[in-house]
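*Asks:* Here is how the chains run, residue by residue.
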Amino acid sequence: MKCREFWQKACTHLEDHELERLETSGPLKEHLRKCKRCARQWDGISQGFSQLREDIHKDMDPSFWQDMRREVRSQIKRPDEKKWYQGLFPRPFAWAGALAASLVALFFLFHGQPHKVTRFPAAQDIVAMFDQSDPFEVDLPTNEIATASPKTDMDDDELTDPYLLTGVSDSWSGVLDEAGQDEQGMEMKGPASKDKTGSVSLVAPKRA
Amino acid sequence: MTGNDSDLINAWLHDGDERAFSALMTRYQEQVFYLVRSMVLDVEDAKDVTQKAFIKAFNNLKRLRKKDNFRGWLLKIAVNLARDHLRTRRKHLALEPWTAKGTEVTPERRMMDREIKRHLKEALLSLPPRQQEVVGLRLLKGLSFKEISHLLDMKEKTARTNFHFGLKALRALMAQRGLRP
Ligand SMILES: [Zn+2]
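If you read the protein sequences in the order shown, they are chains A and B.
All residue numbers for the first sequence refer to numbering that gives the first Met the number 0, where the first residue is 0 and numbers rise by one.
All residue numbers for the second sequence refer to numbering that gives the first Met the number 0, where the first residue is 0 and numbers rise by one.
Honestly, I wouldn't trust all of these hints.
[As the list claims (entries may be wrong)] Dumping the calculated DSS-like pairs for lysine-lysine here, alpha-carbon to alpha-carbon at most 25 Å:
(1) A:Lys57 - B:Lys116
(2) B:Lys65 - A:Lys28
(3) B:Lys65 - A:Lys1
(4) B:Lys120 - B:Lys66
(5) B:Lys51 - A:Lys8
(6) A:Lys8 - B:Lys65
(7) B:Lys51 - A:Lys35
(8) B:Lys61 - A:Lys57
(9) B:Lys156 - A:Lys8
(10) A:Lys57 - B:Lys120
(11) A:Lys33 - B:Lys167
(12) A:Lys8 - B:Lys154
(13) A:Lys76 - B:Lys116
(14) B:Lys154 - A:Lys57
(15) A:Lys76 - B:Lys46
(16) A:Lys35 - B:Lys116
(17) A:Lys76 - B:Lys167
(18) B:Lys66 - A:Lys8
(19) A:Lys1 - A:Lys35
(20) B:Lys51 - B:Lys120
(21) A:Lys35 - B:Lys120
(22) A:Lys76 - B:Lys51
(23) A:Lys8 - B:Lys120
Source of the hints: derived by calculation from the structure; they are not laboratory data.
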């Protein structure tokens, strides 16, 4: 086996196996025994990755995570305060409650002081009333997000020159928008703390 | 505090429940951190990117339609921030190319463990971002190419090609650094 062939095969091997598993592969191992140059390069890469992996997945002190939570909490906004009337009704019926309250208010507006009402308001007057700021305005959920922006992906043609493979063009709005469409996308197996070095599957995490 | 993501998110969004916030962070901060770290390598950088990812996610939580998808959404935000970070970092590195830092390495000299690790780290960081991302997620985080392609929004084939080119470039960089016989 020539050196070039060795690296091609080693690379393909690494696509599907862990670094350490190269040892089990006969012809590749044989080449490493014969070729000092490849053996040294391979050692450098495999040792380097093993050490780096160990380094990267070192457990952090509990205070590290606490600090992180504190820092994040200090920089995020508290969710919006509820409007006073939202607390009066159970959430799914808040809109109905607000509507009912509006109708009651309208009733008293027109019938509560019968002696002062000289005429029934014209339709345009009623519309005008609603146009003004209404204390019973229903705050509808605004969870709906815009449609996804097109994904950017690298054309396969670009792959001819490895040093051209640099662009990262996903915009933030794109990420935030497309996230809603990502349900069947990547779902890694939890819990994370036990899964730092291990493989990750496409199984949705199950929780009690 | 327990419950599924959706319950916790609702408790945070509607009641401002601090325990729900804390539970969500505790549930995912390690996943995000170690994922990011396999991309950016440096611990402080990874911490910074992780925090930014959570801040971005919590501040945009209302925009997430399906709350059960919080995890995938959060990880994508983190990966994109890590990519942004690498891109910025790369601009600085360009001023001082990795290969220019010559060290006298004699054939007899064996690199110490620490040196190997440092050289590999520097070599990785000097790879084009897409190559670095794929190589890091594959060999440091152990993700499959399918998972990598989801995270990085690229075809699986593209991820594999980046991996091949990345390893090739890495080998060349390591050789320049004194791993020649
Ligand atoms: Zn060889």
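*Asks:* Compare the structure with each hint and give your call.
*Replies:* Each hint, compared with the structure:
For the proposed pair Lys57 (chain A) and Lys116 (chain B), the alpha carbon gap of about 15 Å is at most 25 Å, so the pair holds. Between Lys65 (chain B) and Lys28 (chain A) the alpha-carbon distance is near 49 Å, which puts this suggested pair outside the 25 Å criterion. At most 25 Å may separate the alpha-carbon atoms for a hinted pair to count; Lys65 (chain B) and Lys1 (chain A) exceed this at roughly 53 Å. About 37 Å separates the Cα atoms of Lys120 (chain B) and Lys66 (chain B), which puts this hinted pair outside 25 Å; it is violated.
A distance of roughly 39 Å separates the Cα atoms of Lys51 (chain B) and Lys8 (chain A); the hinted pair therefore is violated under the 25 Å criterion. Taken as a hint, the Lys8 (chain A) and Lys65 (chain B) pair is broken in the structure, with Cα atoms around 43 Å apart against an allowance of 25 Å. For the proposed pair Lys51 (chain B) and Lys35 (chain A), the alpha carbon gap of about 46 Å is over 25 Å, so the pair is violated. For the given pair, Lys61 (chain B) sits about 34 Å from Lys57 (chain A) by alpha-carbon distance, which is inconsistent with the 25 Å threshold.
Under the criterion of a C-alpha separation no larger than 25 Å, the hint pairing Lys156 (chain B) with Lys8 (chain A) is consistent with the structure, at around 17 Å. Between Lys57 (chain A) and Lys120 (chain B) the alpha-carbon distance is near 16 Å, which keeps this suggested pair within the 25 Å criterion. Pair hint Lys33 (chain A) plus Lys167 (chain B) holds up; C-alpha atoms about 21 Å apart against a cutoff of 25 Å. For a cut-off of 25 Å, the pair hint linking Lys8 (chain A) to Lys154 (chain B) stands: about 22 Å separates their Cα positions.
Taken as a hint, the Lys76 (chain A) and Lys116 (chain B) pair is broken in the structure, with Cα atoms around 40 Å apart against an allowance of 25 Å. Under the criterion of a C-alpha separation no larger than 25 Å, the hint pairing Lys154 (chain B) with Lys57 (chain A) is inconsistent with the structure, at around 31 Å. Under the criterion of a C-alpha separation no larger than 25 Å, the hint pairing Lys76 (chain A) with Lys46 (chain B) is consistent with the structure, at around 20 Å. Proximity of Lys35 (chain A) to Lys116 (chain B) is assessed by CA-CA distance (about 21 Å); at most 25 Å being required, the pair is judged to hold.
Annotation: proposed proximity of Lys76 (chain A) to Lys167 (chain B) is violated, straight-line Cα distance about 46 Å (limit 25 Å). Taking the CA atoms of Lys66 (chain B) and Lys8 (chain A), the gap is near 43 Å; set against the 25 Å cutoff, the hint is violated. As the CA atoms of Lys1 (chain A) and Lys35 (chain A) are separated by approximately 12 Å, the hinted pair is consistent with the 25 Å bound. Simply put, Lys51 (chain B) and Lys120 (chain B) have alpha-carbon atoms about 23 Å apart, close enough for the 25 Å limit, and the pair holds.
With a C-alpha separation of about 23 Å, the suggested pair Lys35 (chain A) and Lys120 (chain B) falls inside the 25 Å cut-off, and the hint holds. The straight-line distance between the Cα atoms of Lys76 (chain A) and Lys51 (chain B) is roughly 14 Å, inside the 25 Å bound, and the hint therefore holds. Note on Lys8 (chain A) and Lys120 (chain B): the hinted pairing holds, with a Cα-Cα distance of about 24 Å set against a maximum of 25 Å.
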